[in-house]
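Student: The primary structure of each chain is shown beneath.
Number of protein chains: 2
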Amino acid sequence: MKVYEKLLKIQVSKNSRLCVGLDPRIELLPKPFKKKLRDLLKFLEIIIEITHPFACAYKINFAFFEQYGSKGLRLIESIKKTIPNDIITIADVKRSDIGSTSQAYAKSIYSHFGFHSATLNPYLGIDSLLPFFEYEDRLNFVLICTSNPGSADFQKIKVGDLFFFEIVLDKLATFYPSENLGLVVGATNTKEFKIVREKCQSNFILAPGIGAQGGNLSEILVTNQNFPLLVNVSRDIIFAGSNEDFETQILNKTKYYFEQLKIVK
Amino acid sequence: MKVYEKLLKIQVSKNSRLCVGLDPRIELLPKPFKKKLRDLLKFLEIIIEITHPFACAYKINFAFFEQYGSKGLRLIESIKKTIPNDIITIADVKRSDIGSTSQAYAKSIYSHFGFHSATLNPYLGIDSLLPFFEYEDRLNFVLICTSNPGSADFQKIKVGDLFFFEIVLDKLATFYPSENLGLVVGATNTKEFKIVREKCQSNFILAPGIGAQGGNLSEILVTNQNFPLLVNVSRDIIFAGSNEDFETQILNKTKYYFEQLKIVK
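Here the protein sequences come in this chain order: A and B. All you need for our numbering is the position in the first sequence, starting with 1, plus 11. All you need for our numbering is the position in the second sequence, starting with 1, plus 11.
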């Protein structure tokens, strides 16, 4: 079954659009943990146990693992094994390269680590993404309009009547089928979100930027009521508590976002 | 000493603009080697021994290591230790992300792995690159115009009188000092190379795309005679030979490119 279809089914069966972002940081581990890599694994296992009933996907942010080098990647290999098979896994890597290098990145994410999905950067052009799309069952989330202030620098410059990100979007959507092409649109961009959704109604949109980054959840839910949407929350859930009661705090925050993000309320 | 200055000094002392790209592939290892990760390390150690007198930098392409997961990154950690200190190391990672994620990537490349330089992707805007530039002694090579056909899709679209990559370049050059801002311009883009060089004369340009990718070396050398330039050759050197005499073949190819790329001939 294609990841696109699998994700839709999980969303309906769990009545959830929630994606939990695993962005671990040793320095933010709750009190009961030592500030060590081994404890990071224990912490993430607890997060997965608590959030699994409410989430349809986990987004693993490679940067926070790569900062520990090979040991960090070994941690991803370990965590990946503990994630149940009935949930989608997204490698948040924002990779971009050309030719055989892009092939090697796709092999890393989809063959070696075995993720369902990856986030990708489009600056190098359509051909640079092809090796990821050659894994025909996977769902690639390509950056369209990001949640940071710097998204205005290049993504939102005007090219004739269009924003630059629209040109990127139009070309991608012409070339790649919607069931393989997911789109990353930061939740801080409510106006841009509407533009993307008007053009692409069957593509999954992955919306980061909720919680700590201040994105507007209710507006986005209105725009996307009947379309495939995945909303990521990272820090606001996984670092909800810093003391002994951290598990209760995480559960409460997870339930809060789960309620907000139900498909049928 | 800043990496910019160190690289200039090495180039003068070795009379070389040659950067050797370490893009290892088990399947291409010469006959004497087993197709195993351990042999990849041996092979790369030999490459470094042969090429070191002629090169001013090594570019390590992370994708080819990441395809082996944590073991691949351990290989980078091992190789990094065998590279002598009198040569510049570039992490070819083309990373791009925002906020604390970009910080974690910068920490990975510059603190954990300890590279002098990294390649970065500008699509997410000026602020996304900032954590790398906060390592003030390092030299960041940002993608401007790449060597693949797909560079025409977005980088070369026209925005008024300018190419899109010129807008990227102008903004980057306004914001970041030239001794921290290197530029990646594919050697297949001779016209675009001239445009970049007219705008930015003191920035280092890293030119991949020579050899296997068919870039035009002589034209680029004319355009850059008096400016800081680093030309990368990967496959054409490291996989110059597939049999028992592979070391001789590698040495010959290295010397060939060294001759071509001398600063003073």
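Derived by calculation from the structure, the hints in this document are not laboratory data. Remember, it's a predicted structure, so these values are computed and weren't measured experimentally. Hints may be right or wrong, so weigh each one.
Because identical chains cannot be distinguished in the list, a pair is counted as satisfied if it fits within a single copy or across any two copies.
[Stated by the list, open to error] No more than 27 Å apart at the CA atoms, straight line, and that leaves these computed lysine-lysine pairs for DSSO-like:
#: 1; residue 1: Lys92; residue 2: Lys45
#: 2; residue 1: Lys210; residue 2: Lys167
#: 3; residue 1: Lys182; residue 2: Lys273
#: 4; residue 1: Lys169; residue 2: Lys42
#: 5; residue 1: Lys167; residue 2: Lys53
#: 6; residue 1: Lys182; residue 2: Lys91
#: 7; residue 1: Lys118; residue 2: Lys47
#: 8; residue 1: Lys25; residue 2: Lys92
#: 9; residue 1: Lys42; residue 2: Lys118
#: 10; residue 1: Lys20; residue 2: Lys53
#: 11; residue 1: Lys82; residue 2: Lys47
Student: Each of the hints needs a verdict: does it hold here or not?
Tutor: Comparing the hints with the structure gives:
no., hint, result
1, Lys92 with Lys45, "within (23 Å within a copy, 30 Å between copies)"
2, Lys210 with Lys167, "both (16 Å within a copy, 23 Å between copies)"
3, Lys182 with Lys273, "neither (32 Å within a copy, 42 Å between copies)"
4, Lys169 with Lys42, "neither (48 Å within a copy, 54 Å between copies)"
5, Lys167 with Lys53, "neither (41 Å within a copy, 48 Å between copies)"
6, Lys182 with Lys91, "neither (33 Å within a copy, 40 Å between copies)"
7, Lys118 with Lys47, "between (30 Å within a copy, 17 Å between copies)"
8, Lys25 with Lys92, "within (22 Å within a copy, 49 Å between copies)"
9, Lys42 with Lys118, "between (38 Å within a copy, 24 Å between copies)"
10, Lys20 with Lys53, "neither (29 Å within a copy, 48 Å between copies)"
11, Lys82 with Lys47, "both (11 Å within a copy, 21 Å between copies)"
The structure does not agree with the numbered hints 3, 4, 5, 6 and 10 stated previously, though it agrees with the rest.
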